[in-house]
Structure formats: C-alpha cells, structure tokens
Amino acid sequence: MKDTKTETAASFDVNDYLRQDRMPHFLCPGCGHGIALRALLWAVHEQGIPKDRLAVVSGIGCSGRLSAYIDANTFHTTHGRPLTFATGLKLARPDLHVIVITGDGDCLAIGGNHLIHACRRNLDITCVMLNNEIYGMTGGQVSPMTAEGRFTTTTPEGNTEPNFDACALAAAAGASFVGREVTAQVLALKTLLGQAIAHEGFSFVEVLSDCTEIYGRKNDLGASPEMMLAKKSAMRPYAYRNTVDVPFRPNALRTGVLTRTDRPEYGAAWRAMAARIREEE
Amino acid sequence: MDKRNRTTNVLIVGVGGQGVIMVSKVLAQLCQEAGHDVKQSEVHGMAKRGGGVFSHVRFGPKVWSPTIPEGEVDILVALEWAEGLRWIRHLKPETGTFIADCQKIVPPFACRSRKRGAEPAYAPQTPEEIIDQVHAGYVMDATGLAANLGNARAANTVLLGALSTALDFPEAAWAQVIAATVPPKSVGINARAFTEGRAWALGGTKRIDVTASGLQKSRAEVHHPQVETVVEITADWCKGCDICVKSCPERCLRLNDQLKAELALPELCTGCQLCSWLCPDMAISVTNTPVQEAAS
Ligand SMILES: Cc1ncc(C[n+]2csc(CCOP(=O)(O)OP(=O)(O)O)c2C)c(N)n1
Ligand code: SF4
Ligand code: SF4
Ligand code: SF4
Ligand SMILES: [Mg+2]
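Listed in order, the protein sequences are those of chains A and B.
Going by the UniProt record's numbering, the first residue of the first sequence is number 1, and it counts up by one from there.
Going by the UniProt record's numbering, the first residue of the second sequence is number 1, and it counts up by one from there.
Quick caveat, the hints were computed from the structure, so don't treat them as lab data.
The beta carbon of each residue, even a glycine, is placed where N, CA and C say it ideally should be.
Incorrect hints may appear among the rest.
What the hints assert, rightly or not - DSSO-like mimics (lysine-lysine), calculated; alpha carbons at most 30 Å apart, straight line:
#, chain 1, residue 1, chain 2, residue 2
1, A, Lys-218, B, Lys-246
2, A, Lys-51, B, Lys-217
3, B, Lys-185, A, Lys-231
4, B, Lys-104, B, Lys-246
As the list claims (entries may be wrong) - Using C-beta positions, here's what the derived DEER-type ranges look like:
#, chain 1, residue 1, chain 2, residue 2, range
5, B, Lys-104, A, Ser-233, 41 to 49 Å
6, A, Ile-110, B, Arg-86, 26 to 34 Å
7, B, Pro-184, A, Glu-157, 26 to 34 Å
8, A, Glu-148, B, Gly-35, 21 to 29 Å
9, B, Leu-202, A, Arg-217, 36 to 44 Å
10, A, Ala-168, B, Gln-32, 49 to 57 Å
11, B, Arg-254, A, Asp-220, 21 to 29 Å
12, B, Gly-35, A, Ser-233, 51 to 59 Å
13, B, Asp-209, A, Gln-20, 20 to 28 Å
14, B, Lys-217, A, Arg-120, 46 to 54 Å
15, A, Arg-120, B, Gly-71, 50 to 58 Å
16, B, Asn-256, A, Pro-162, 39 to 47 Å
One chain only, chain A, in its complex shape (with noise of 0.2 Å):
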C-alpha cells in the first residue's frame, strides 16, 4: 500500500477539483466521459492525494480534453502517447501520482504499441481508458473498440472487424491490476479507480463510456439516459459470479476487478540499478 491517506477525508466536493473558469467543460450533452471524471475525482479524493502531488497525463480525444478541467498538475499532451510522456514523469517524480487518461482510439489504434509496453514494464502509472467504442472528438471514425455491425462515418455500412478486448490485452502484456467498469455503477466505478491509484505497479481501468452525440445517434441507441442504463444491463458484475448456481449473464462482459497480480514495481528496479550505477562511479 502505498501513503496514499495523508489527508483527512473531507467530503467530497468535485468543485474543489475542477478549475472553475474552465467549467462547463466542452462535452456533448450527456457524455459519459463527464461522469467517468467526476468518479476519478471522487477516487483520488477519497485516496487522499494532495492536489499537488497528483499528475494528470491525457493523449488527444474528447477523452483526452479531461485534464484542462482537473485543478491538480496537468499534462495535455500528443494523440496515442500519453503513457510515453507519464513513464517519463513517474521515472523522473517517483512521489508524483500518474494518472493517465485516455480514449480507445488514443489507447488501442494509434497508442496500443505503448499500452502493450507500458502494460509489461509495470512501472506504477494508473492508466484510465475512457471507451465509447469512436473516436468521439473527429467526427465519430471508427475504433479498434468499436464492436461489429456498429455505423461510424468511416463504416457506413457497419463495422466488419472484431474489436478488442481491452483489458485481455493489458492482461496479457503484463498489467498487474487490470478492472472494467460502467459508468452508469458510478460507486462501483470510484472503488475500482481508488483501487488502481492504490495499487503498486501498472494498472489499466477499461470505463465502458458513452458517446450520446455520435455514436449513439448514429446507431440508434436512445437518449443518454438509455445508453447509459442499457450498458449497465449488458455487464455481468463480478461481485454476482457466487450468487446464483446458474451463471449469471454467462457471455456479458465481466466488469469489477479482473485481473491483479504481484509483479515487480518497475520504477523500483530502475531506480535501484541507477543507484548503483552512481556508487559504482
């Protein structure tokens, strides 16, 4: 466990964390993405992160525009690279909190290289994706994350590629704490989060977002409000796996923690081989 609790717990008042003269913040109507920030918020306050010792790291998307709202260091950097610009951070500021937030386009098309690697170094960054399964801020292209069938601008006659699965991905590469989440559990999504920032080493959070504006009209998928809800209902939360003989929702998405594992904290070793280095000099 990390000294995460150094500030007495307060309740929670998300204006204390959002620069006031940038708000309201650029988001469609009812975007997910703004209930995804409001929860990691609410994690890292109830972490008890100085502001000041929080490091907010975003790539480009609608995602990505997050960090110009978080009264705390932010870092607003180049579209699929915000993992490379936080390694470099945490290996420089060990006492920083990284968090890095990012879309599925930014994290999986353009930045999955990165993932992959950050994913296996283990180096102690808190990824956050925010999917809405598009590239929300272009115009609603499609993303590695978009599922089969779906209509974006670029497959106008439905998406014939598979998509990802995200968090087997980060899994596989290495991530030591891996979690899903939706928004519409937005308790359920501050626990995980507060999980990740307290975890040691890499942790990589999947938020199932929505993208109302586009993809939602462009597939049909109701209002805010019943995008929201129907994903909830389409998840098979792990917290049920032991409550009913038969499986419940057996081929739903699993969401909750999914994987966490006890792997070396890579800045740890890095740090040590510095070390020696010097007192070999």
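Since the structure of chain A is provided, determine the placement of chain B with the ligands on it from the hints.
Chain B with the ligands in isolation, oriented as in the chain A frame:
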C-alpha cells in the same frame, strides 16, 4: 468601385464546436438564393475540438478564388474573442467591420499557472482597444444573450443577427434560410437569437456590451427528521441530458421549458445523491447535514 460589381468577403472564425460552419452555410446559401456567385472554403476537422476553425465566404457577380487574400476581408465574424484577434489583420484597414462575441475560450496551453486567480496567458487586448482600430466594430456577449434566451449554443445565430445589419439582404430572407438550416426543434430559439442579435447591432456602429451574467444556481432545501438536504443545480452547467431525471429513484427531478434540470418535487427527495454522482456536467450538488449540526 461600384459595390455591386465587386466581391464581398466575409471571414468567420471561432473554435471547434461553436458553429462557425453553420454561420458560413447560412450566409453562402442566402447569397446563392439572391443570385450571387458564391465560394465558401473552410478549415475544420484538422483542429482538435476546441482548436481554431475558420471559413471564408466570398460572393459577387463572379468569384474566382475561394480564399480571401490578407487585408481584403470586409467583415470578420468572430465567435471567440482571441480567434477574432488572431485574424484581425486580414480585415480591410479602411472599411472593414469587426463583429465578435466577447466570450473567451481559454485554450489549455494558455493555463501556465494553476494558482487560484492566476492570469492565463490569453490575449490581453480589451474590446475598447480593438474597436478603436477598426472602421466599424461590434463586441457583444452573444453567448450570454443566447443563454438568456434559453440556449447558449445559439450564440452563433446571435452573431448572424449582427452580421445581417452589415449586408444588404432582407431580414425575411435571413430568417428563412436559418429556419431551413437548423434542426427543426431549434427553429424557435434560433429565430429569437437572430432577432436579438440584429436588434442589438442596429444600436450603433461601434458598440461594446460585454456584461456577462453570473452563474445561475437554483437551491432547494429539503427537511428530513434527521438531516437537512440541500439540492443545488447550476443551470449554466446543465446541458439538459435527462440523465438525472431518468435516474432519480424518486422521480422528483424534471427538465424545465429551457431544458434545465430542476427539483420539481422537493418533498420526495431523499437526498440519496445519485443525481449528483451521475450528472456528466457536475451541475448538481446534494449535501446532507445532520439536523443538530445544521442548527448549531
Ligand atoms: C497524430 C494525430 N493523428 C490524428 C489526430 C486526430 N485525432 C484527434 S482525436 C482522435 C481520435 C480520438 O478518439 P478516442 O481516443 O477514442 O477519444 P474520444 O474522442 O472518443 O474520447 C484522432 C484520430 C491527431 N490529433 N493527431
Ligand atoms: S463527441 Fe461523443 S465522446 Fe465527444 S464529447 Fe460528444 S458525446 Fe462525448
Ligand atoms: S438526491 Fe436522490 S432523490 Fe433527491 S433528486 Fe437527487 S436522485 Fe432524486
Ligand atoms: S444530469 Fe446534469 S446535465 Fe443532465 S439534465 Fe441533469 S443536471 Fe442537467
Ligand atoms: Mg473514443
């Protein structure tokens, strides 16, 4: 030169998501219907949302090039203040008209210090300084005007209203093209926004009115035997997504006629906070204070 024989150049600028393209579409359509040769060219999509967007509209008896040379812009319409300043040197020095929303969208990179109250590195020029440099100038709180009419996103139509005073098309023709361009459910608000913007600009050729309205908050107190619940809704942040309304277990919220959430049945509210957790726009805050504490 005879005004009817030359090309009129209008440059519309702003940031992604504000509706620059809608303004230029309306203008181009109007010019075409009036029998002009029209060329419209734009740069968008390359910008990240929140990045710069601009559109050139040129019309006249015969237009050859789709882009306006520097210093040849007759009217510059800026949906965002700093974007207006960025393009102001493109305006015709002697006769150009500058129409701008005073609204500032501070880009993330302008935020170098996060100390409370620190000045971002944003264009420091005041509307007064800018108006002094141009032939005719209008700096207005188009976003505020539109918000007062019920939807801040109609700010671009408020500016269209101001633009209409600088060109020779009949008011009815503008109204018709706008109604045909915007989505059917927002025809009403856009018509009002246009009229408002036009009336405002008719008030003088060098006008500044940047009175921005403060944050509008509604507050409801609910008395329970053991806790005092306060539900606060920041109307200016609410985007009317309906999530809180559909998620409230007691069904005590609703959207009002301006599509803002409000606590319609406070007596039913249990203070469960679900609405505040799920609001994507952080527009709702629910606080529960034990009665003893609240009394002291
Ligand atoms: C190097 C580079 N390539 C392409 C782009 C254009 N671009 C901006 S955001 C984006 C995709 C964003 O999708 P995602 O990461 O899923 O974020 P969302 O908007 O859905 O949250 C792309 C392709 C860019 N900004 N930079
Ligand atoms: S385009 Fe989609 S992802 Fe982007 S803000 Fe709008 S709803 Fe959200
Ligand atoms: S606090 Fe609960 S009961 Fe009250 S308005 Fe919000 S969701 Fe409804
Ligand atoms: S959830 Fe928030 S933004 Fe949506 S209608 Fe309710 S208050 Fe408005
Ligand atoms: Mg996406």
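For each hint given before, does the structure comply? Return the numbers of the non-compliant ones in rising order. 4 and 8
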